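**Q** Residue numbers (this note's numbering), protein chains in the order written: chain A, 585 to 741; chain B, 11 to 295.
Source of the hints: derived by calculation from the structure; they are not laboratory data.
Where hints are given, some of them may not hold.
Which residues of chain B face chain A? A partial, calculated answer using Cβ under 8 Å [to be verified]:
#1 Val198
#2 Ser201
#3 Arg206
#4 Met216
#5 Lys218
#6 Thr244
#7 Arg245
#8 Asn248
#9 Leu251
Far from chain A, by Cβ distances over 12 Å, these chain B residues were calculated [as the list claims (entries may be wrong)]:
#10 Ile34
#11 Val122
#12 Lys168
#13 Glu175
#14 Ser270
Simulated crosslink set (SDA-like; lysine to any residue; CA at most 25 Å straight-line) [stated by the list, open to error]:
#15 Lys292/B - Glu642/A
#16 Lys721/A - Phe285/B
#17 Lys646/A - Gly230/B
#18 Lys224/B - Thr592/A
#19 Lys641/A - Ser247/B
#20 Lys101/B - Lys280/B
#21 Lys680/A - Arg200/B
#22 Lys646/A - Lys155/B
#23 Lys641/A - Val107/B
#24 Lys646/A - His196/B
#25 Lys657/A - Val220/B
#26 Lys598/A - Arg290/B
#27 Lys641/A - Gly230/B
#28 Lys59/B - Tyr716/A
#29 Lys657/A - Glu204/B
#30 Lys280/B - Gly696/A
#31 Lys646/A - Arg206/B
#32 Lys292/B - Leu720/A
#33 Lys73/B - Asn737/A
#34 Lys597/A - Gln294/B
#35 Lys641/A - Glu208/B
#36 Lys730/A - Ala261/B
#37 Lys593/A - Asp233/B
#38 Lys293/B - Ala698/A
#39 Lys598/A - Gln294/B
#40 Lys641/A - Asp207/B
All values derive from a computational prediction rather than experimental measurement.
Note that the Cβ used here is the ideal one computed from N, Cα and C, for glycine as well.
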Amino acid sequence: MNVILYDTKGVLKKYMASSELFCNARTTCFDADRRTVTLLLHGDQITIELLSFSDNKEIISKAANFLCSRQLKSNLLASNKIEAVYTDTDLLNALKMAGCGGLQPDLLLVYGPARCHLGFPAWRLRYTEIMYMGPLKSMKHGAIVKAIYDFSNRNKN
Amino acid sequence: MFPYPFLRCMNFRMDKKLVQLLPIKLSNNIHGFLRKFLFKVLSFGPMPKHIAFILDGNRRYGKKWNLTEGEGHERGFCNLMTILNYVHEMKFQYVTVYAFSIDNFRRKADEVQLLMRLIKEKMDALVEDTSMADKLGIRIEFIGKLELLDESVREAAKKLMKATEKNDQLVLLVSIAYTSTDEIVHGVERSCMEVRDEDDDDDGMMIKLVDLEKNMYFGGYPDPDILVRTSGETRLSNFLLWQTKGCLLYAPLCFWPEISMRHLVWAVLKYQRRFFYLERIKKQP
Numbered sequence: 585m586n587v588i589l590y591d592t593k594g595v596l597k598k599y600m601a602s603s604e605l606f607c608n609a610r611t612t613c614f615d616a617d618r619r620t621v622t623l624l625l626h627g628d629q630i631t632i633e634l635l636s637f638s639d640n641k642e643i644i645s646k647a648a649n650f651l652c653s654r655q656l657k658s659n660l661l662a663s664n665k666i667e668a669v670y671t672d673t674d675l676l677n678a679l680k681m682a683g684c685g686g687l688q689p690d691l692l693l694v695y696g697p698a699r700c701h702l703g704f705p706a707w708r709l710r711y712t713e714i715m716y717m718g719p720l721k722s723m724k725h726g727a728i729v730k731a732i733y734d735f736s737n738r739n740k741n
Numbered sequence: 011m012f013p014y015p016f017l018r019c020m021n022f023r024m025d026k027k028l029v030q031l032l033p034i035k036l037s038n039n040i041h042g043f044l045r046k047f048l049f050k051v052l053s054f055g056p057m058p059k060h061i062a063f064i065l066d067g068n069r070r071y072g073k074k075w076n077l078t079e080g081e082g083h084e085r086g087f088c089n090l091m092t093i094l095n096y097v098h099e100m101k102f103q104y105v106t107v108y109a110f111s112i113d114n115f116r117r118k119a120d121e122v123q124l125l126m127r128l129i130k131e132k133m134d135a136l137v138e139d140t141s142m143a144d145k146l147g148i149r150i151e152f153i154g155k156l157e158l159l160d161e162s163v164r165e166a167a168k169k170l171m172k173a174t175e176k177n178d179q180l181v182l183l184v185s186i187a188y189t190s191t192d193e194i195v196h197g198v199e200r201s202c203m204e205v206r207d208e209d210d211d212d213d214g215m216m217i218k219l220v221d222l223e224k225n226m227y228f229g230g231y232p233d234p235d236i237l238v239r240t241s242g243e244t245r246l247s248n249f250l251l252w253q254t255k256g257c258l259l260y261a262p263l264c265f266w267p268e269i270s271m272r273h274l275v276w277a278v279l280k281y282q283r284r285f286f287y288l289e290r291i292k293k294q295p
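Build the full structure now, drawing on both the sequences and the hints.
**A** And the structure:
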């Protein structure tokens, strides 16, 4: 199971890595940039990815620069200038190289004062169901279970 | 026999048709007055400048009311004209509608043809009679990968953009053959071409964020303040993913041909309630 935790300012990235939940070496495994952590909880493997607003537009800008520099190098080698024609797949591969080409979530639960996706990475939000859950202090286990139940019923229909 | 005693008392002879129309005209005038009064009251709070609509539910509306194929979309178009009237009265500056997605080309061929024929008919009708667009001061722009459309539809779109280019009260951005991911790719392509043509030897960040945004289809237009998707669906379906960071998402349960003034007013009230929070989100770097 994959879970993404997103906040605009990157507070989760700064502090979650040192939190007690993730300090148990037997069940926790961080990746190289400490942005994804794999946990073993009650025998199930859960991958948690920590994202912030800097993983949205800036990463796409980096991916664009990667594609552009590759294009310029191929233009140097070729005799004629080749037109830059890219597809969604080219940009997706460039995003993976830049470090933000993960899976697209099926369901996004939004906590906050307003129903708004707060700049969640655009490339991963294409067909995601966005459910507004209310203020952060109303985050309860029952509400999350109900949201997942409503989502699964909607998909069945 | 006059149905209205006061008219009989006045011994006023009127045309029967006019008498039948009188209550309709009167109620339209009263409704118009109350509507403008309501919008005036709303305008005391912060008003959004740009509203976007995903026109979802036309086919389901047609099935619900047992309409013929395409009639659901016709009714949806009529309702769009009504909503544009309301949006104009509320003094919005930009309206964006998601008319046709690149993913919609994967539908059945006859359905795609029907939709393209309907879109072209409406474009031709608006080019022939621009009175409604001129009365509301609407400038129409078509946004998207227009080269995917038929030549005839593309030409009709160009004619309509030319016919309304002098209007300046409200800009209607019609997203046709559009997806947000295609828009981002288009921005990257154009930015790469600019860098290639500049021939700069600097190895740093050649493409900056402002260059990407400037080269996108929606470059130069402000981000939407409210995004309305009808039919109660809560997905964005690859629409305005880049531009909706601080945008209020509103998903009324009605189908597009059923959306009315009260949904619009409710959306504006919700926006006004969270205005300062949304502005803070938009301004965050």
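**Q** Of all the hints numbered above, which does this structure not satisfy? Sort the numbers upward.
**A** none
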